Every structure is written in C-alpha cells, then in structure tokens.
Amino acid sequence: MSIRGKAAIVGIGETPTDRLGGKPGEPRKSTAEYLAWAARLAIEDAGLTKKDFDGQGLAAIYTTNHSQPFWPEEVAAILGITPGVSLAGGNGGASSVSLLGHAAAAITAGLCDLVLVIAAAAPFSERGGHRGAHGDTRDFEMPFGVMGPNCKISFVMSRYMHESGMTDEHFGKVAVTGRYHASLNPNAYLRKPITIDDYKKSRMISDPIRLFDCVMPANGGKAYIMTSAERAKTMKKPPVYLLGWGECNNASYGPRYRANPLITGITQSGERAFKMSGVAHKDIRCLNLYDDYIPVVMIQIEDLGFCRRNDKAFFEKTDFTFKGDLPIQTSGGMINCGQPSTTGGMLHVIETVRQIRGEAGDRQVPNIKFGISTGVGAVNYGKNFGCTAAAILGSQS
Amino acid sequence: MAEEKVAKKPLPDVTPVNQPFWDGAKASKLMMQKCTNCSTWVFPPRPVCGDCASEKLDWVQVSGTGKVFCFTIIREVVGTALRGFAPDIPYVTAWVDLDDGPRLCSNVIGCPVEQVKIDMPVVTVFEDSGDGITLPKFKPA
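Chains A and B supply the protein sequences, listed in that same order. First residue of the first sequence: 14, per our numbering; consecutive thereafter. First residue of the second sequence: 548, per our numbering; consecutive thereafter.
These aren't lab readings, by the way, just hints derived from the structure by calculation. As the structure is a prediction and not an experimental result, all values here were calculated from the model. Any given hint could turn out to be false.
With a cut-off of at most 35 Å between alpha-carbon atoms, the simulated DSBU-like pairs for lysine-lysine come out as follows [said to hold, decoys possible]:
1) LYS330(A) to LYS573(B)
2) LYS213(A) to LYS686(B)
3) LYS325(A) to LYS664(B)
4) LYS325(A) to LYS686(B)
5) LYS573(B) to LYS288(A)
6) LYS573(B) to LYS686(B)
7) LYS213(A) to LYS664(B)
8) LYS573(B) to LYS213(A)
9) LYS576(B) to LYS36(A)
10) LYS288(A) to LYS214(A)
11) LYS555(B) to LYS186(A)
12) LYS214(A) to LYS573(B)
13) LYS614(B) to LYS325(A)
14) LYS214(A) to LYS336(A)
15) LYS614(B) to LYS186(A)
Over 10 Å on every C-beta distance to chain B, these chain A residues come out as not near it, computed from the model [unchecked claim]:
16) ASP181
17) ASP210
18) ARG271
In this text, a Cβ means the ideal position worked out from N, Cα and C, and glycines have one as well.
Based on the sequences and whatever the hints tell you, model everything.
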C-alpha cells in the first residue's frame, strides 16, 4: 500500500516572525501564544473549527526550548483540543517534512482523517530554556572551540569549495536569489534586496561562512492540516496532494569514522520521494530546500539529482528566480524569513503549498503543478545531517 | 553585563566510555577505539560499534600524524558557552584525517591561521588545559 496521493494539505498557517525579547523592555510572546496563533490561522485557512480536531490527529514538533517527553499532550492542552492520535516530531528541522509522511500514513490507515501538524518557538522571548549540549558536541567539539552550527557547516563548506572550486560568486548568487524572493514576500523578515557585492562584503564569521550565509533565529509559529484525498475535495481551498515522500536518518556515505560530508541523507530521501511520486525532475517547478546555510541549499540541489556533483557550470548558468529555469527558495527561505528553532523548516512546506495553490502573489511561479520541499536536522560529529526528509507535493492526485 | 574576569573554556565530561581517550591524552598518547569484530574505527567513543553493533571494542594507540580534511577560522564568539575562547580569536578548528586512524575534530596551532590549508600534513601535540584534561591538538608536520 502506498500513501501516494492518499492525503492532501488543506490548510496552512504562518505567524509573522519577530525577534521580540532580544532587547530589554520589549514586549514578549510565549511559545504557547505562537502555537495558538498558528493553529487558528491554519484552521481558518481550511475552513474548519477547533472542534473538528477532537478525536483526530495532532502532530507536535519538539523545539529546542520546549523539549520535554509529553510535549504533544501539552500542545493539545494549549490548543484546547482532544486528539485521538498523537504524533511527535523528533527529527529536528526535518520534522515538518517527516510528519507529512507520518500523518499521511495515519490517514491512509484510517486512524483519523484530519491531522494538525504544528510547531512554534520563542527563543528570544523565552530565554533561559537553553538545552545543554549533548555527548559528542560537549566532549569532542566544544573543548576545541567549535562555535556551534556556523562552525560545523563551515567545515562542510570549506571542503565543498576545495572539491568543487565554487567561490563567493556561486554562493552569492544563491543568497541574492533568496533575498530577491524575500523582497516579494510580505511575510519575510529581511526584505531589502542585496547584490553579490553585498554578499562578498558581509562579515566573515567562521571562514568561509559569512553573515549572509547564515539563517536568522526568530520567534514564530507554523502549522499545516492534512486530510484524506476524498475529504480534501470537499474543502475550502484546492487540495495539495502528497505524491512522494522519503526520510533518511543517520545516513553516512563512506565509513562512519570518515564519512563524506558533501553528500547528505537528502540523496536517499529524494530518491524515495521521486520513486513514489512518479514525477520527473523536469516537472518540478519549485524547490523549497531547508536552508540553515547557503551551501546546504546547493548540496541538496546536487543530492536531489537536479545537477551533477560539484557542477559549477550549472550554478553559473541556471536562473533560480521564480520566473527562471529552476525556481528555488521562493519564499526567501528561513535565511530571510527567520528560523523559530525546529519550526523554521515548515516554511518550506507552506511555501510549496502556496505556490501550487497559486497564492504566492508577486513571486508566483507560472504554470506550476509540482514542487519539492526538504527538511534536515542535527549536524552530527564529523559528518553531515542526522535527519533528512523530502516530499513532492502536487495539484493532482 | 559585567564579564567574568577569566571565562573558562568548556571541558569534556569524562565518562566510562570515553575515559581511555582522555587518559591516553594525559600520557601524550592518541588512543582510538577499534571494533575487533569488523575492524572499523569507532570515533567518537561508543559502547557498541556503530557499524556492526558489536560490543567488542579495543583501544589502540595511533601515530598521531594526519592531514587536514577541512577547517574553519573562527572569527567571533557566538553565544555565551564558549566565551572563554575570545582571547584565542582568530583560531583554527579542523577535521583531521589520521594516517592510521579515524577523523577527529581538533585545533591546528603553532602557525598563523592563514597558513592552514586542506591536505596540509599535521602531527599531534598534547596541550594541558590546566584543569585535569589534556587536549590532543595538531601542528604542522
């Protein structure tokens, strides 16, 4: 039994992102408020009411400042619903894409016919909820001054530049494209267009990672609602079907003690998603890829098979804008819309839904039927991402 | 906010699983875990082999020579946990591929940061942190 086309997204909700609480005296909102806000927006978008979710599915994503074992139940309490099926997203930034498959499976198996997938975080408003570093990071990275994810991805980027010959020009082009799309997205946070020169002049943080390579932490909440293909046809908004899905955790390319960091589990996740969907690469008109850092976007384009490995010429000749050859990061990505902890990755699901519905306004990709979204989580010791997921969405089942 | 006079650098938690690594470093030996069942290197230390799930893991001394696989030059402190590194900036952290062992994350010291390159040969130096832990670092070979 395949879940292909059996479930669809019928509601999306995205609060504006902000950085309130970063400075003394600023007004603050709690994670609970962003959760309730995101749920309300998604439920309204679907034309449902909160009561419709009693006895149905709730999928809550663990965030870094609210990581406790009964989090899905607490989210149900915050939202005031009584779910019959509880799913937990424990795959970090990959969770919102992972849960597309898990929710579709629950719906296809008849466990429920509505699932609300939700996450929110308020790292600026709720300081003090710091999660201690775990084992390998604490014992074998921090004593050597590894300065968090900026530093970990700079290892990957330095090797990527060494093997591919990519330069500032290549990374800058992707950064400029993302910001251009953000300038056309009223929900984006950083909306002032930039040039390649601005990128090159942005501050070096951890060579070769510059400020404009990095995602921006933020407060905010996001949600989407899935239902069965049958029920989706009766709902307010045009259904966006889950056609292909794949997940891969703890991937390693080469021996685990010396893995190739330039290949990620998105390779396997993407292969599974394409195989399930039967959709050809040329028919995917929009790539919304998890973007904690600019080079991570580029490596995923390679992982998904849209070009060869280290294909410098491809990055030079391809127009990645929404009207171009291969539109990517059409919302501006998390880099420009902000990353509320593990909530951030849901941006890429919501944006693909908007594009396929034709609701993307000034950045609408023309004639789009299919799009792909990815998620990644956990930057593990000595290799690339621990959790990855990819999903192909489309307007037809 | 007033800064502490001397911010401490974070140190590892020495656990039963990783203790031979840190004991070895204190004795100026680079010790690595190897699976006796499938012969693969296991690092960071684990209670079971990450490849074949065997619990039969040995500790063996490696030569401590290797090459820089990739690296970064840290230009600023991000957050508070690592503010003890502020006086060291700029400094190099790198993944080093050992000639006869696994890859590990460490620092390349003993040369200007601009001189560090990918594939550069390096050799271990043991640096006493002064807090009961010796850190294996690397310098140009």
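Against the structure, the hints:
no. : hint                   : result
1   : LYS330(A) to LYS573(B) : violated (54 Å)
2   : LYS213(A) to LYS686(B) : holds (31 Å)
3   : LYS325(A) to LYS664(B) : holds (22 Å)
4   : LYS325(A) to LYS686(B) : holds (33 Å)
5   : LYS573(B) to LYS288(A) : violated (52 Å)
6   : LYS573(B) to LYS686(B) : holds (18 Å)
7   : LYS213(A) to LYS664(B) : holds (21 Å)
8   : LYS573(B) to LYS213(A) : violated (43 Å)
9   : LYS576(B) to LYS36(A)  : violated (48 Å)
10  : LYS288(A) to LYS214(A) : violated (42 Å)
11  : LYS555(B) to LYS186(A) : violated (40 Å)
12  : LYS214(A) to LYS573(B) : violated (43 Å)
13  : LYS614(B) to LYS325(A) : holds (26 Å)
14  : LYS214(A) to LYS336(A) : holds (28 Å)
15  : LYS614(B) to LYS186(A) : holds (32 Å)
16  : ASP181                 : holds (16 Å)
17  : ASP210                 : holds (20 Å)
18  : ARG271                 : violated (5 Å)
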